[in-house]
Structures are given as C-alpha cells and as structure tokens.
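> Same order as they appear, the protein sequences are chains A and B.
Counted the way this note's numbering counts, the first sequence spans residues 1 to 421.
Counted the way this note's numbering counts, the second sequence spans residues 1 to 349.
Check each hint, because a few of them may be wrong.
What the hints assert, rightly or not - Coverage of chain B stretches by chain A, computed from C-beta distances (three or more under 8 Å per stretch; other residues unrestricted):
{"no.": "1", "region": "48–54"}
{"no.": "2", "region": "77–86"}
{"no.": "3", "region": "137–145"}
{"no.": "4", "region": "154–167"}
{"no.": "5", "region": "220–227"}
Stated by the list, open to error - Some chain B residues close to chain A (C-beta under 10 Å, calculated; not the full set):
{"no.": "6", "residue": "S68"}
{"no.": "7", "residue": "Y74"}
{"no.": "8", "residue": "L151"}
Bear in mind the hints are in silico, worked out from the structure with no lab data behind them.
Note that beta-carbon positions come from the ideal geometry of N, C-alpha and C, so glycine has one too.
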Amino acid sequence: MAVDVQQVSKRFRLYHEKYTSLKEKVIHAGRVPYEDLWALRDVSFDVKEGETVGILGRNGSGKSTLLKCVCGVLQPTSGQVVVRGKLAGLLELGAGFQQDLSGRENIYLNGSMLGMSKREVDRVFDDIVAFAELEQFIDNQVKFYSSGMYVRLGFAVAVNVDPDVLVIDEVLAVGDERFQRKCMDRVKQFQREGRTILFVSHSPDQVRAICDRAVVLGDGEMIGLGAPGEAVRLFRERLLEAGDSLALPSPEPEPAAVDGGDPAPGGAAGAERVPGSHRPVRVAGVTVEHPGTGERPYLTTGEPMSVRIAYEAIEATEGVVFVLVMRDSNGTMLLQTDTEVLGQYFDLPPGPGAVEFAFETVPFLDGAYDIVVGIQSRRGGVLYDWQERAGKFEVMNPGKAVGIVSIPHRVTLLPVGADVP
Amino acid sequence: MAIEVPAPPPGAEQGTQGDGSSRGLRQVVDGSPVADPALEALVGRTKVTRVVSAHVSVLDRLTEIWRSRELLVYLIRTEIKVKYKNSFLGLVWSMIAPAMTLAVFTVVFGVVMKNGIPNFVIFLFSGLLLWNFFQTGVIAATGVVVNNAGLVKKVSFPREILALAAIGSAGVFFFFQACVMSIFMLALGTPPAWHLFWLLLFCLLPTLVFASALALLLASVNVYLRDTQHLVEVLVGAAWFWACPIVYSYQGQVAQKLAHHAAIFKTLFFLDPMTPLVMTFQRVLYNRMGMVALTTSPAGHPTYEQLLPAWPATSYFEMDALVLAFALVLFYVAMLVFGRLAGNFAEEL
Chain A
1 MAVDVQQVSK
11 RFRLYHEKYT
21 SLKEKVIHAG
31 RVPYEDLWAL
41 RDVSFDVKEG
51 ETVGILGRNG
61 SGKSTLLKCV
71 CGVLQPTSGQ
81 VVVRGKLAGL
91 LELGAGFQQD
101 LSGRENIYLN
111 GSMLGMSKRE
121 VDRVFDDIVA
131 FAELEQFIDN
141 QVKFYSSGMY
151 VRLGFAVAVN
161 VDPDVLVIDE
171 VLAVGDERFQ
181 RKCMDRVKQF
191 QREGRTILFV
201 SHSPDQVRAI
211 CDRAVVLGDG
221 EMIGLGAPGE
231 AVRLFRERLL
241 EAGDSLALPS
251 PEPEPAAVDG
261 GDPAPGGAAG
271 AERVPGSHRP
281 VRVAGVTVEH
291 PGTGERPYLT
301 TGEPMSVRIA
311 YEAIEATEGV
321 VFVLVMRDSN
331 GTMLLQTDTE
341 VLGQYFDLPP
351 GPGAVEFAFE
361 TVPFLDGAYD
371 IVVGIQSRRG
381 GVLYDWQERA
391 GKFEVMNPGK
401 AVGIVSIPHR
411 VTLLPVGADV
421 P
Chain B
1 MAIEVPAPPP
11 GAEQGTQGDG
21 SSRGLRQVVD
31 GSPVADPALE
41 ALVGRTKVTR
51 VVSAHVSVLD
61 RLTEIWRSRE
71 LLVYLIRTEI
81 KVKYKNSFLG
91 LVWSMIAPAM
101 TLAVFTVVFG
111 VVMKNGIPNF
121 VIFLFSGLLL
131 WNFFQTGVIA
141 ATGVVVNNAG
151 LVKKVSFPRE
161 ILALAAIGSA
171 GVFFFFQACV
181 MSIFMLALGT
191 PPAWHLFWLL
201 LFCLLPTLVF
211 ASALALLLAS
221 VNVYLRDTQH
231 LVEVLVGAAW
241 FWACPIVYSY
251 QGQVAQKLAH
261 HAAIFKTLFF
271 LDPMTPLVMT
281 FQRVLYNRMG
291 MVALTTSPAG
301 HPTYEQLLPA
311 WPATSYFEMD
321 ALVLAFALVL
331 FYVAMLVFGR
341 LAGNFAEEL
C-alpha cells in the first residue's frame, strides 16, 4: 500500500469576518460568527503500489483539499493519511522558488524541499535542465523567467526527484502543447516504472486515459471508487443530479443583457431567435429520446437516439425546412443536417406539430452535446426560428478510447517481410 | 514492496500501441530481467512511512525535522544569499557591519563618553554578541511563517524548519560577528579566559535551544495573531535588551542596589534566562575579575569598579545548566504548540 487514506475529514471554519489583530480578537473574543464547512467527510481509500488513481469531482468537491492532506500541507481534522515512500507533490509548479536566486540554486533548494539530498540533485541536475529546456538561462535569476520557463522548471524538478508517490493537482495543463505532451510522457514513464501516482484532473478523458482506478468526490464525500469508465460515469451522473450540465453554462437561453459580453460556445452567441416581423413557424420545444436506455439520462457510445422538434405554425406555411446542429461542449460543430439535405420539405397547416430526427447510432465518445434547431424556408431563404442550446444529450463511453468519435477498428500483426509500401 | 502488478500502460487494452510501453509491461510481468535501472532502484530501496494526521507526536515531528536537515541548510544559505544578492560587497557586509559598530563603540566609549573602564568596548560587545544572535533570530523567526505563505500553502515540509532556519541564519551572522570580535580582542591585546572557554559551549547550547523554542512559539502564534510580530520587535528589541546586563554590568550597577532590597528582586533579575547566559559570555571574553581601576580621575585617589562578579566557574555552569533545562522544557512545549497550530497554517494564511 503506497497511500492509505483513513477516514479523513477536514473542517474549514469560515469566519464571516476575519479578525487577526489583537485588538479585533479581544473585541470580538468568543463571538466571531462562523460557519463550519466540511471539505472532506470520512473519506477512505487506498492506493496500491504502482497504481495510478485519479480523483474526479466538481469545483469545491474537496479534490484539492484531499491532495493537500495527502501531501501534508493540510492536516486532516480527523483521520489520517499514511504515505509509504518518498512523496513529491505538485500542488503548484515552482511554488518553492526563490525569486532572487538563479535557476541553478533554485533546483537545489526545490529539490531539498522535495526531500532530495545534494548528491541526488547533482546526479539528476543535467536531466532537470534538459527537461526544462533551460540550458541557456539556468544561471539567470528566476524572477527574470517567463511564466512558461518557470513552470517548466518546476515540473522538471518535481518529476526528477525520483519519488515513490507522485501527487499531481491539475498542473499538467501548463506550457505549450509540446511540453504538455512531454509531461504526459513522463507521467506514463512513471507508470511503467511502477511508481504510484495520485492525480486530480478536471478532464475525465485524462483520467480515463491514464488511471487504473478513480475516486469520485462530491461535496466532500466519496461517492465512488472504481474503474475509470465507471467513475467517469458516476461523476457525470452526479453532475446531472446536481442539475448541472457538463462544462456548459445554463441550458436556458439567457437574455442577452445578462450574459452580455460572455462569448457562448460556437461563436453564434446571443443569436437566440432571429428577429423578424414575420414568423409564421416557431420552435415550441425539443426533446431528446434514447430508446433502450431505460431510466438512464445518458447514452453510451453507439446507442440510437432521436430528437423530436415540436413546432407551432401560426399560419399555413409551405416548403418548411428543419435544421439540426450538434455541438460539443467547446462549441465545435459536429454535425449539421436539415430536411432539405434529405430532400424533404413540409407544407404545414396552422397549428402545432412535430418532426423527428432519428439517429441509428451515436458514435460520439464521452461528452455533453448541444442541440441547436432551426426552421427556415427552402434554400435558406427566410429563417423562421433558430434556437441555440435547444436541447442536449450526454454520452458516456464505457471503453478506454479517448477522443471525439468512436471508429470501429482492429489491429493485425503483419507477417515479417510483408510488403510495406 | 516489489512491483508485481505494474500499472498497465495506457492504450495497452486497445492494442493499438505497439511501442515500448507495452513491451516494458511484458518484461515485468514475465519476471525477465528488468532493463530499466530506475526500476531496479525502485524495487530495492527502503521506504519511509509518513503519517499525516492532526495527532503526530513530538518525537515524530523531531524525526521529520532531522530528515529535512539538508533543507534547513539550504534555507539558511538562501536567506543569507538573498540578503546580500545584488550588493557589491555581498557577504563581506556581515563582517563590515559589526566591525564598524565596534569601531564606533571604541570611539564613543573610549573618547567621547569616557567611563574609564579599560576596554569597555570588549565588555559591551561580548554581551552584545550573544544578544544579537538571540534577538535577530527570534525577531526574524516570528514573521517567518507568514512571510513564506506561498511556500507553506503549497509545499509540504516540516514547517518547524522555517523558524529554525531563521535561528540558523542568525547563527551564521553570530559566527561572523565572533570573528570580528576576535580580531578586535587580538588588536586590543585582551585575551579571553582560555581555561573557561568550554563554558561558551554550555552557554551557546541553552541560547540555541531557548531561541529555537521562542522562535517556534512566536512563529506559530503570529499566524493567528499578526500583532505578535510588532509586539516582539518592541519587547525583545527594547524592553528585554535593557533587562539584561549588556550595556551596564551586573556587578557594577545592579548588585549593590539589589543588596538593599529583598532577595526576591535578585531572583527576579536572574529569572530572565538570558541574564546568566550573557554574563557567562562576559566572564569568558572580558575576563577581568575583581576590581578594575578606572582611568577617569587623573589626580587624587584612583577609583575602582567591579564589572564581573567574583563567582567560580561552577556557578556559571550551574546557571547555564538550569537555563538549558528550562529551555528544553520550553522547546517541548513549543513543539506541542507549533504542532497543534501548524495544521491550520495553510488555511489561515
């Protein structure tokens, strides 16, 4: 057992007003209003040697508090954490750096903070400098470093301390893409070397990609512990329960005055309904159905789905075209289709009605997706109605694949000497 | 402790990655010789178990501090380096400053404010030497946790190290001042009491423990009560300093006055742990026992004054040993308090 978290609880006392001076303490002695906030409540799990465990949770669910308790930055209010082996915590890159010292001196200082002796630092010094790509600047004072150089050095030191247990708190999102990849490669190398990694990430994809198991936290309590796929699913479910949509702002179209300059995903922000005096047809509502999923509020990759658009025709309209767009949470358009593409136009009598788009299979991997619907005349002549975020659906991926789309594939080992063009 | 089930490399399940990662996995599982030297090192080494909890015994905390002794050295070095960074003379300043102070004292007390005491500057500086160590260390340590908030919130190491490093760097400056002092003693031709030199050790040890205990106490309290810092500056820098016989001598100015009062006052005077320590330093370094002839009255009968009490070395030793015992108890208490308060440092800062 590399890390054993035993019934850890952590209470924060939130004072409505903070009194730190003697005068204030005396005046307000004994009656400072406060609220108890349990950031962690009775969390227990263990991490075996050589295992990579991810911690998933929303903001404020206690992830970082848990990591801080494991690192020993915070002491749990009750319970304890037993760590076996040398632990290197990356709670913040370059946290221990002294601005006035050179990169070289800071490597030694930071190394000793992470528990390395001078001799050990000597041995890996060149590796650190090479990893951080700072050969030219290593004797400059750290205060003259760019923020990128700063975090690169921080990461380089931390991963070279030869830890048994590496604790990472969302710090992998630093530097440029190439450096990020380098960091991930190093993390994977750690895994191969049988080191233990405890790892917090906002990105369920990352957890799925590198973790053996994952812990899901919600409001300081442990909701689940299991295989990454299962944990990611639980995490998403929890988000749905909380009435939250994943990484999405409020699903309700907000009045433009409220979200003001906030650029909504997709760039087509604010264009809720195209204003026009003549609007013979409008969208009344959108429902997403996934037959066969039972009570589950999400699909798994490859399941069928249908989207029903209810409309209301104020007057009889000819040649109506329905448009459907799917966007991912970043606003990237994944699909745009309309009935015109399918060669279908509708002559609608006045009154309500509905059309259905049926999808035999939804090949998306993990994520929450937005549905945008529109109603227009043939060849896009007149836009009758357009609703951003009219509906949404979520897909959970039970497998390990990472990305956007699932493409069925297989792998064959070719016989030696086979023709390779 | 051996790695029987290494983490499966990502992508291994999908079988789409035929690179070194899956090969590495197979090697370990098969039990074939491990090529990676890092792996071998990992398997073979002994692992230290650490417990993070609200209830860690003082002994465990001391062990942690001992393990981080190298960090202590680095922090001390950093503090000194940063202090003189970008200054032309650098570390030389730590010699120049006391040398200039001593030179000024020599002029002031030898020429301007003549008090007639031979080599008064040596008497003064022998007490000041020890006091400076104590005062610089304690005042610096009081603010050290607050000033290093960034570190305390993000990096895990025994927080005691911060306070101890402040004492440590004061110790380094003490060393430089001691060097300057010896040069002055050499120049003025006033040898110390060589036969009592060992007493200095029994005086430095309690000073170190006592200063460290105060440092831990004040540094941790200061996180919750920021007034501590300012209070300490005044109390230690002004009040406590004058309560110690440094600028004045115990024997010359205090002893007779106390003789007219109840014994309780004498006890009170010596209740200050720094008093016997400072007096030991004066005894060894100034080394003028008995009456010293004052050189102020050129004509008429000479006047005499006694600066150092005519105590045997053993009574100095006893006093210092008592202070050491007290300091150790205080250190234990300080460790308890610090351990109790340290748990919430990261939230309070």
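> Which hints, by number, does the structure contradict?
3
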